[in-house]
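Student: Top line first, the protein sequences correspond to chains A and B.
Under the working numbering, the first residue of the first sequence carries the number 1, and numbering increases by one thereafter.
Under the working numbering, the first residue of the second sequence carries the number 499, and numbering increases by one thereafter.
Worth flagging that the hints you see were computed from the coordinates, not collected in a lab.
Note that the structure is predicted; figures quoted are calculated from it, not measured.
Glycine included, each C-beta is placed from N, C-alpha and C at the ideal position.
Just to be clear, a hint being listed does not mean it is correct.
In silico lysine-lysine, DSS-like type, Cα no more than 25 Å apart, as pairs [stated by the list, open to error]:
#	chain 1	residue 1	chain 2	residue 2
1	A	Lys141	B	Lys917
2	B	Lys832	B	Lys807
3	A	Lys260	B	Lys632
4	A	Lys389	B	Lys834
5	A	Lys260	B	Lys696
6	B	Lys632	B	Lys601
7	A	Lys116	A	Lys245
8	A	Lys413	A	Lys279
9	A	Lys260	B	Lys593
10	A	Lys262	B	Lys924
Where chain B lies over chain A, by a calculated footprint (3+ residues, C-beta under 8 Å) [to be verified]:
#	stretch
11	145-156
12	193-201
13	265-272
14	317-327
15	366-376
16	428-437
Spelled out from the first residue to the last, the chains are:
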Amino acid sequence: MKRIICIIWALALIIFPGPAGVEPAGAEIQITDNFSVAGFLRYELGVHTGGSNPNNPEQNGNHDFTLSRTFLVTEWVYEPTDNFKLFTKARLIGDQTQRIDNHLRSYDAFPIDVSKNDWTLMKVDGDEYRAEIWEMYGDIKAGNLWLRLGKQQIVWGEMIGTRILDIINPLDMSWHLNFEPEEFENIRIPNWAIRGSYLIEQPFLEELSIEGFINPGDILPQQNPDSGAPFNLMNLPSFMQIHKKHRRDDTEYGFRLGYKVKGVYGTLCYLHLFDDGFKLETEGFAPDHINGVPFFAGQGNFTPYAMLLNAVYQPMDIYGLTLNYDLTYPYNMVFTYEGAWIPNQPYQDRLSSTPEVRDLGTFKWALRIDRPTAVFPPRFMGVDFQHMKIMFQFSQTIREGDENTVSGSNNSKIDKSNEMIVLKFTQPFDHNNWEPMIQFVYDLDDAYMIKPGFKRTCGDHWYFDLYGVFIGGAETRPGRLGYLDYASEIFGRITYQF
Amino acid sequence: MHRLNKLYGAVVACMMAGLIFCCFAEAGTEGLWTRKKAPTIEELTGGKVKIGDIIEKENVDLVRDYLPPSIHECVQRGMILRMGSQLPLEERVPKYFIEATEKYQGQAVVDEHGSAYLKDGSIWPGGIPFVEPKTALEVMANVKFGETYDDAVITPYSTHFINREGKVYKTNKRMVKILNTTGRLSIPPIGAFPGMEKIKYKRITGQTYPLAQKGLGLVVTRYYDDTAHQDEGFIYLPAFKRTIRVSVTTWQDSIGGSDMTYGDTMGFSEPYGFWNFKLIGKKMMLIPEPKSPFTLVSRETGKLHPDFKFTVGEKFPVLGWCITPLYVVEATPKVKHIYKKRILYVLATEYWANVQMFPYTEMYDRAGKLWKMYLTGYGYINHDDGEPRLSCNTLNIYDFQADHMSFLFLSSFWQTGLKPGNFTLKSLLQYSR
């Protein structure tokens, strides 16, 4: 802990220095002509409004808080020329949730981990704090070639909030699922990778470019909440002993082609990745007199056994496509399509008596329509109103073959297809000092999430957000939206940016 | 024979005289617009107002005939005007631009969308299309096709949000790059980039401050006929870390919550095809002077000069003002619009600028009441490529009804040699985080 405090003080001294040497320009701090630092200090509090988390049966009653976190995030940029840039994002985070809510039992609020000799994550952490280099990369531009090398987030696809092709980096769902208003920026786990793009200038197609990336081994899976955490998603029986077969040292890669033809911009891509979510595979049984159960009692053997399982992350091939088109004035509508065919999407095998993995071809697609609309007059009740941003999105997942041969989370039944509708309204007003929004997410099998909120900006440095997340509906199978009704909350953030 | 000789001599003399007359007459026509000189405020007021005098609420009636209603109202609210001086055309725009204007004079035609072409239908090669415009559309075509530069980098480009007390309560900053793909006169390729003849310009904007917006980038393509083929845009959203298609034809929406709409950019940048224009006339008026005693915004730091003064807190900038002939054009929308009309004040060609041909414009609400004003503070002559360029340091967009000001100040670098490759979707990543 002393080490963390030293780091915080060192950063504070650099960021808020004496009069010499550093010149604050607005709020960004210009250390030299080419070197600057910006960042924010934030406190975030989530108040629980849902029921008890069924995955935390040992919890002492329903918890009052879902989250209490403090962040100091700094972004360091060194840009000596237009063709070269170094970027580093450092984060210091403290989590006080367990301290303010005595209903919660002890859990690790920062469960992302790798072995101690694995230097690539560059972190120092405990159950309630973490200091880390979240991103660190260099950009090089040479003519039409652009390269980014380092620990980075790679985002392909164009859907917002729906992960069809935005699946290159895993997510850290451990502390706030995917409820943060910045979509995945704060939870998409950066990986070490080499990424490059090349603009192919020729007379036939506009914006023709080829892009690719290689992650040579810094592979992490999606990080779910620790057992006992307010958002915990899973409660495995104690007789199951899981050995995670991580994919570190394996290689992920992908290619993408971008082009524009007569007003339609599109991309085609191929990705070779490992599934972010683990599937269970049986390795065997071992006697366990504490947590075991007598699996073979029927055969006259009453010895309690533990089931030994491997949590495996299967390889996947993804073939993707995006298209977008702008229907200009007076319609001002943008249509965006994204689709992905995954011939070997891994599922849990439903037909096997012990956990095994089975592939099933899966097609995912979504269509989004965006339309900025003047819903209110530009001057309404003495206040100026900007255009309302209206977004409608339909997404669908379709599985080939017999869906009854596979199962989802917690052995739940999987449907042939799932459909989801998202409708979002954002209405900035008062010179963007206020930005209320409301988002409706509806699972056509009858589940919903309503997310109202607003952001209030006060000058250059301060802003406040307040959001509600209300989940409900009859479709409560694990892995589906309605299953998360226990996660309903109201959360707010106070941010000082510099 | 003698009589024949006399006759021959007379004919030769006449021919010589005619030739000399024609030469002088031709030279006079060519040079006429460049040599026109506007009177000074001292001459117009019979010595009541002199260069260096301060005009404020108490004595504004002395120059009322030379001010638009918006500036007059600003003076009533506390703005002060320092009487300054004008510069001749050759000190305001590049020489090659004057030569191109003269070379192609008389060859321009304008279509109903306000797009200028040569008579053979080819795209306008550069220079002012109509030195002596006869119609409002010709005046407007001059604005759109009479830019003197091939490319520009504007950085930093800051916006102060100023409340009714005159206090700056919010700031944002960005960087803008613009590439004219047609009408190029100086940096090769001259004329148009091959294959980009249907594009007027490309523009890329990268937000740099505050952090919540830092890395947000927008690339826009404006087409030559911007009514038939409307703007296209893509935005990089740093929070989402991806580039998505975005509608950039919402010209009536405000830019980042400021008082300026997308259509107010550069004074007026909506496609002309959606507007009717009426030429009110040509008039001597006071406009911000081309060259201030000091550069209003430092090119090195992008900060305001310490001697740059404001009144009513930081609401109204104190600028020098000089008499300049302007075309006054009334623009009324053909489509449903937040404005009932705009009054556009356009520099007469003999007082042309490198950019910002509207010293000011006025916007009226749907009830016909004065709503907003767009004011250009020129301030300095740039010589980045050795040629003079009357450049713009400040912009004020003032909402009279809300008494709210958006004050933009910028530092520009001209003729930097940008290429179309600097304006692709991939180039947005350069500004990303």
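Student: Give a verdict on every hint.
Tutor: Checked hints:
Distance check on the hinted pair: Lys141(A) and Lys917(B) sit about 14 Å apart at the alpha-carbon level, within 25 Å; holds. Annotation: proposed proximity of Lys832(B) to Lys807(B) is violated, straight-line Cα distance about 40 Å (limit 25 Å). Of the supplied pair hints, the one linking Lys260(A) and Lys632(B) is violated, its CA atoms being roughly 41 Å apart against a limit of 25 Å. Only pairs whose Cα atoms come within 25 Å are accepted, and Lys389(A) paired with Lys834(B) is accepted, the gap being roughly 19 Å.
Note on Lys260(A) and Lys696(B): the hinted pairing holds, with a Cα-Cα distance of about 16 Å set against a maximum of 25 Å. Pair hint Lys632(B) plus Lys601(B) holds up; C-alpha atoms about 19 Å apart against a cutoff of 25 Å. Among the hinted pairs, Lys116(A) with Lys245(A) is consistent with the structure: their alpha-carbon atoms are about 17 Å apart, no more than 25 Å. Under the criterion of a C-alpha separation no larger than 25 Å, the hint pairing Lys413(A) with Lys279(A) is consistent with the structure, at around 15 Å.
Among the hinted pairs, Lys260(A) with Lys593(B) is inconsistent with the structure: their alpha-carbon atoms are about 39 Å apart, more than 25 Å. Distance hint between Lys262(A) and Lys924(B) is fulfilled; the C-alpha atoms sit about 19 Å from each other, no more than 25 Å. For the stretch 145-156 of chain A, the stated coverage by chain B is satisfied: 5 residues place a CB nearer than 8 Å to a CB of that chain, which reaches the threshold of 3. Closer than 8 Å: that is the beta-carbon criterion, and the stretch 193-201 of chain A has 3 residues meeting it against chain B, so the requirement of 3 holds.
Restraint check on the stretch 265-272 of chain A versus chain B: 1 residues with Cβ-Cβ distances below 8 Å, three needed, restraint violated. Proximity of the stretch 317-327 of chain A to chain B, defined as three or more residues with a beta carbon under 8 Å from a beta carbon of that chain, is established by the 3 residues found. For the stretch 366-376 of chain A, the stated coverage by chain B holds: 4 residues have a C-beta nearer than 8 Å to a C-beta of that chain, and at least 3 were required. Only when three residues or more bring their CB closer than 8 Å to a CB of chain B does the claim for the stretch 428-437 of chain A stand; here the count is 5, and the claim holds.
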